[in-house]
Amino acid sequence: MIKIVTVLGARPQFIKAGSVSREIAKYENVIEIIVHTGQHYDTNMSDIFFEEMKIPKPDYYLGVGGKGHGAMTGQMIEKIEEILVQEQPDWLLVYGDTNSTLAGAISASKLHIKVAHIEAGLRSFNMRMPEEVNRILTDRVSSIMFCPTKTAIENLEQEGVNSWDTKVSLSGDVMQDGALFYRELAQKPDVAIDDDFILCTVHRAENTDDVNRLTSIVEALNEIALTKQIILPIHPRTNNILRDMSVVLSDNIKVIDPVGYLNMVWLIDNCSLVLTDSGGLQKEAFFFGKSCITMRDETEWVELIENNFNVLVGADKEKILAAYNNHKFSDDFDLDLYGSGMASKNIIEDLISYG
2 MIKIVTVLGA RPQFIKAGSV SREIAKYENV IEIIVHTGQH YDTNMSDIFF EEMKIPKPDY
62 YLGVGGKGHG AMTGQMIEKI EEILVQEQPD WLLVYGDTNS TLAGAISASK LHIKVAHIEA
122 GLRSFNMRMP EEVNRILTDR VSSIMFCPTK TAIENLEQEG VNSWDTKVSL SGDVMQDGAL
182 FYRELAQKPD VAIDDDFILC TVHRAENTDD VNRLTSIVEA LNEIALTKQI ILPIHPRTNN
242 ILRDMSVVLS DNIKVIDPVG YLNMVWLIDN CSLVLTDSGG LQKEAFFFGK SCITMRDETE
302 WVELIENNFN VLVGADKEKI LAAYNNHKFS DDFDLDLYGS GMASKNIIED LISYG
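Just so we're aligned, residue 2 is where the sequence shown starts under this note's numbering, counting upward by one.
No lab work stands behind these hints, which were simulated from the structure alone.
Just so it is clear, CB atoms sit at the ideal spot from N, CA and C, and this is done for glycine as well.
Take these hints with a grain of salt, some might be off.
The calculated BS3-like cross-link candidates involving lysine-lysine, where the alpha carbons are at most 25 Å apart (straight line), are [to be verified]:
1) K27 / K58
2) K55 / K346
3) K255 / K318
Simulated DEER-style distance windows between Cβ atoms [said to hold, decoys possible]:
4) K68 / N163: 33 to 41 Å
5) S273 / Y28: 21 to 29 Å
6) Q188 / E220: 46 to 54 Å
7) E220 / D166: 50 to 58 Å
8) N327 / Y28: 22 to 30 Å
9) T228 / V248: 16 to 24 Å
10) K168 / M246: 30 to 38 Å
11) F334 / E220: 29 to 37 Å
12) R184 / N308: 15 to 23 Å
13) E83 / I32: 12 to 20 Å
14) I257 / S354: 44 to 52 Å
15) G161 / D196: 50 to 58 Å
16) K55 / E220: 40 to 48 Å
Go ahead and model the full structure; you've got the sequences and the hints to work with.
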């Protein structure tokens with residue numbers, strides 16, 4: 002019998018973990034205990050959320066959130082350690098790069114419990130990002146690192162992983178597993194949407210908190226909206242910033258409240274193009290065969306850039322417009338960059354056979 006404690010802290014992590022949890026359920030000899038740290042309080046994460054998304058409900062809820070990085074991570078470590086001592090698992094499983102990820106990894110490593118890191122090896126090479134610190138430290142204490150891409154493995158090799166006491170596995174990306182699963186459950190948002198539209202998201206602090214960058218992005222979006230409707234799910238905080246700016250959004254930019262994941266899957270699947278500063282949405286665009294213009298200065302998903310499914314434009318109005326009007330994207334979306342939906346199966350088989 003193998004017991005796994007999974008530590009999660011945010012809604013996107015639950016969605017990713019759902020694919021692995023559904024795979025775990027196929028094995029009678031594998032038990033999973035799910036811990037929700039509460040890092041991101043989300044009113045959408047009700048019982049209905051777990052039922053609709055076919056995700057197991059957490060066994061523990063820690064309620065640690067709304068604090069600074071140090072206080073939050075420290076309190077998580079304390080509470081996770083208590084659970085690990087009680088549950089005595091064979092594995093501590095974490096995803097990505099949140100404070101919850103790091104807290105789980107530190108707690109388990111101090112107790113000599115093996116750590117498995119899903120989405121290991123990703124690097125933005127920007128140490129000012131808290132997420133970059135979290136992912137590097139988590140990788141360093143992991144017994145097995147599940148890398149979504151060959152690029153992730155190359156990053157670890159450059160850091161000297163061959164001299165670490167760890168195993169590196171090219172698992173594929175669990176986000177693609179989820180995208181394929183949830184495509185069948187997708188729901189159209191309850192708003193009027195043109196048949197031909199662009200999906201846009203802007204949420205990253207480097208863009209929303211910088212008036213010059215945000216103004217440049219909005220001016221580009223207004224010009225693009227002259228040719229096609231833009232659907233812009235936006236956080237109320239960002240919407241308030243936009244209201245305070247002198248730039249007015251085009252009438253053909255439809256601002257809507259943030260949507261649930263099943264609504265977002267529908268939007269990605271039915272749009273003609275994705276414009277975003279998100280990380281995960283860049284990959285999801287590829288999963289659904291959509292070109293992506295990324296309004297960031299760097300990306301962890303360099304294989305999308307190298308294979309011409311995605312283009313980086315920063316917050317530069319002229320670069321955004323040039324990419325929209327002139328860039329020739331690849332349409333070979335059958336290319337296997339992320340495991341073709343087999344990542345969760347690969348991960349569980351690796352954990353079972355770990356020696």
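Of all the hints numbered above, which does this structure not satisfy? Sort the numbers upward. Hints 5, 6, 8 and 10 contradicted; others consistent.
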